[in-house]
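S.K.: In case you want the letters, here they are:
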Amino acid sequence: MENKGIGQAGSLESNDLIVTVNLMVGEELDIELESTVKEKFGKQILRVVKETLEEQEITKGHIKIVDKGALDFAVRARVKTAVKRAQGRDI
Amino acid sequence: MNNTVKNAIGREIPLFIEGIGKLKAFQGAYNNMPEGLKHGTKLTRAFKGGEKCLWDLKDSLKKCGIKDGMTLSFHHHFRNGDFLVNQVIDEVAKMGIKDITIFASSLQGVHKPLIEHIKNGVVTGIETSGIRGELGEAITKDHILKKPVIIRSHGGRPRAIAAGDSKIDIAFLAAPAADRYGNVNGVEGPTACGSMGYAMADAEYAEKVVVVTDYLVDYPATPVSIPQTLVDYVVKVEKIGDPTGIVSGATRITKNPLELMIAEEASKAVIASGLVKEGFSFQAGTGGPSLAVAHFLRKKMVQDGIKGSFAAGGTTGYLVDMLNEGLFKTLLDVQCFDLKAVESIKTNPNHVEMSADFYANPHNKGCVANQLDIMILSATEIDVDFNVNVITGSNGVIMGASGGHSDTAAGAKLSIVVAPLLRGRLPIIVDEVTTVITPGETIDAVVTERGVAVNPARKELEDQFRAAGLNVMSIEELKAMAEKLTGKPERINTSGEIVGLVEYRDGTIIDVIRRVVE
Amino acid sequence: MRSLRRTMLFVPANNPNMMVNAVVFRPDAIIFDLEDAIALREKDSARDLLVEALKTVDYEGIEILVRVNPLYTPFGETDVRELVKAGLRNIRLPMTETKEDIEKLDALLWELEKENDIEPGSVKILGAIETAKGVINAPGIATASTRMVGISFGAEDFTRTIGAERSKGGQELFVARSQIVLAAAAAGIDAIDTVFADVEDIEGFRREVESAKALGFAGKSVIHPSQIPVVHDVFTPTMEEVEKALRVMQAIEDAEKRGLGVISLDGKMVDAPVVARAAKVVRLAKGAKIL
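Taken in order, these protein sequences are the chains called V, R and Z. Residue numbering for the first sequence follows numbering that gives the first Met the number 0, beginning at 0 and increasing consecutively. Residue numbering for the second sequence follows numbering that gives the first Met the number 0, beginning at 0 and increasing consecutively. Residue numbering for the third sequence follows numbering that gives the first Met the number 0, beginning at 0 and increasing consecutively.
To be clear, the hints were calculated from the coordinates, so they are not data collected in a lab. Ideal Cβ positions, reconstructed from N, Cα and C, are used throughout, including at glycine.
In silico DSS-like cross-links for lysine-lysine, where the CA-CA straight-line distance does not exceed 27 Å:
| # | chain 1 | residue 1 | chain 2 | residue 2 |
| --- | --- | --- | --- | --- |
| 1 | R | LYS146 | R | LYS37 |
| 2 | Z | LYS54 | V | LYS49 |
| 3 | R | LYS458 | Z | LYS288 |
| 4 | R | LYS140 | V | LYS37 |
| 5 | R | LYS57 | R | LYS166 |
| 6 | Z | LYS167 | R | LYS254 |
Listed below are several chain R residues computed to face chain V (Cβ distance under 8 Å; list not exhaustive):
| # | residue |
| --- | --- |
| 7 | SER393 |
| 8 | GLY423 |
| 9 | LEU484 |
| 10 | THR485 |
| 11 | GLY486 |
| 12 | GLU489 |
| 13 | ILE491 |
Can you make the complete structure from the sequences, with help from the hints?
M.R.: Now the structure itself:
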């Protein structure tokens with residue numbers, strides 16, 4: 000298991016998102032959100048992202064979300080995969 | 000702060016807006032009585048011979064007496080391929096003229112250069128059916144326009160013109176083909192767009208009418224859509240539009256299985272209503288599932304040997320095929336959407352051009368919308384009161400068009416909204432739509448892929464739908480189903496500033512659009 | 000009541016949109032695909048996505064299966080482990096060639112059920128047979144575990160393994176399809192027919208569904224929502240069939256009430272196969288909402 004520190008998951012299809020995490024930077028969590036539905040669901044997306052990171056025990060790093068209207072389950076999944084990939088757990 | 004009143008659907012409406020004047024609040028779809036006389040233009044005369052051709056747009060502006068504060072009108076038959084609005088306003092700006100109101104039947108992404116003209120004070124007012132692209136964003140987010148933009152329906156626009164609510168000083172008519180004496184048709188030349196329906200009221204009521212073409216034909220340019228009797232000047236320019244932005248090749252029925260499913264459910268609903276019978280009339284929007292409803296009705300018509308009276312509205316090749324198969328007696332066409340429709344209106348006497356007034360004006364002696372049996376509508380949002388938004392997006396920004404939505408909903412015996420329950424993450428059914436274009440009292444039902452909701456005022460329709468095995472539920476249940484998937488949407492942040500007024504087809508104000516702030 | 004499996008809709012497990020909307024098309028079952036539809040480097044992301052979907056999306060009673068990666072790949076076991084934990088109860092195992100393939104999965108499932116406090120034996124298996132070897136071993140596969148609910152046939156790989164071309168007439172598949180139906184019938188489980196790739200050719204598809212029904216398949220794997228109504232239509236019994244079935248069911252009920260061991264209808268004895276057939280017609284009629 001090689002900890003690469005950077006991981007990405009997802010796509011830019013409608014109802015999906017791309018999550019890019021860099022766990023090697025910063026002292027705390029820095030989440031950047033771009034979303035086609037930011038005005039209506041921005042807070043909700045951020046909440047789900049934070050929750051998922053917490054479950055993964057991620058406390059610092061730069062997280063970039065480019066969202067195309069994904070539902071919560073997809074947000075959770077993409078964050079999880081991106082983190083796992085960053086940690087080199089990508090089987 | 001202005002005095003405001005709550006209108007019939009509970010929206011706060013100001014009673015007065017600086018630069019626009021007194022406003023009348025919406026009182027219900029059928030409650031506003033028109034008063035007064037039709038607007039008149041000055042009498043004129045012309046002599047034998049006579050030359051209407053001018054050198055260029057600047058010349059025409061001078062001859063028409065362009066000055067600060069005037070209203071210039073344009074049609075949107077060239078859609079995103081239109082060059083004329085930008086050409087004329089560029090010229091106006093060069094002449095140092097200010098404070099112009101653009102009175103367009105609609106504005107598109109291609110009209111983005113207006114942003115600079117607005118910022119420079121050349122343009123201070125816009126009245127239109129819709130605005131797409133960056134211009135809408137600049138108006139809603141940056142509040143660049145002094146006066147709120149006035150949004151009108153396709154029927155409300157000729158009403159406003161005839162009533163003199165909006166007085167057009169100069170109408171600029173982009174003409175696919177014209178002769179030197181001002182006769183215009185839409186079916187010839189490189190920018191052929193078919194029907195010229197949205198330009199007709201402008202020609203009739205404007206103080207001055209300038210025809211602009213890049214395709215001058217020998218006199219007389221027949222068939223005549225806009226006659227010489229209304230035209231002051233003709234200007235030939237190099238290019239008035241980009242054909243690729245005007246019409247598409249052929250409009251196809253959607254292949255998206257979800258949209259097809261919605262359309263099939265909607266066709267079942269329409270059939271259940273009992274309106275699909277000999278001599279019925281029909282109109283559908285062109286987007287996504289709407290047109291596909293025609294596809295399923297076509298099957299039913301062929302199967303049962305039903306022949307309709309007319310199909311109306313914006314026309315596509317698909318409706319042309321139905322006309323040619325004898326499934327409709329007539330197409331009443333205010334705007335052609337594809338080349339097949341253009342070709343058909345040119346050659347088929349049963350494919351008839353109609354003006355926006357004939358199509359949808361509520362204050363004449365009878366419009367086509369009133370003769371419609373079935374209307375299939377789209378929606379950006381619909382609320383639990385069945386009010387529909389088709390003008391502002393999920394971010395509150397103006398991005399769509401009012402079009403014939405409220406006109407046909409008010410006129411048709413049965414008006415059905417078809418929409419996916421979710422668009423991306425956005426639920427279509429909400430507590431309160433961002434902006435009301437069409438009041439819920441004129442909407443009978445909404446059909447989605449997960450269920451059908453009927454306006455509680457239409458109990459008999461609900462019974463018919465249930466009997467036909469449709470998955471009927473309350474609109475609140477549909478909303479809950481959507482929110483279970485998406486979560487509850489937040490409210491858009493707006494400031495108090497009013498950037499748009501939505502005028503109902505009868506001239507009353509049904510809603511306002513407020514500035515969106517981060 | 001045995002569940003209907005007229006249509007099993009394949010949905011790639013990397014498409015969040017279809018993962019939510021597939022239910023709208025009302026297939027009898029949805030098969031989320033982690034195998035062929037997913038590129039090697041996206042196996043992890045598709046699995047994660049599916050795990051989250053299974054935990055939160057309401058599938059409205061539609062049977063959910065997952066086509067996991069074969070257990071001999073680096074992904075198969077993780078697929079099974081994580082998905083069962085997330086609530087999956089039906090596994091479609093691809094490339095099943097021997098009863099040992101099923102037994103391996105069976106053993107893993109006993110272990111997982113114990114680990115996750117899931118009712119033992121509740122996770123079911125559908126074995127996908129896609130090779131000549133698998134077809135030959137179909138009877139053993141169909142009975143390899145008490146978890147078996149069906150076996151399915153995959154024609155694309157099968158034709159390749161026998162060195163034939165896939166034809167419109169399908170004669171190269173005839174023996175294999177029949178063998179699978181026989182093996183399933185003998186084991187008392189469902190036989191599911193192969194996919195039909197040309198989604199534009201609805202008429203060709205209908206003919207293939209009709210032949211599948213005639214051969215005795217319980218249903219078909221489908222790859223596009225537009226194929227679903229066609230299958231449901233073909234599998235809808237006629238009103239005469241339904242009426243007859245209802246009379247059989249009524250006769251059973253009457254006989255039971257009167258404590259009779261032998262059931263007769265119109266002077267003929269109603270034996271077990273007749274009862275089974277009547278029950279199936281009633282199931283199909285209910286599924287088609289004509290009953």
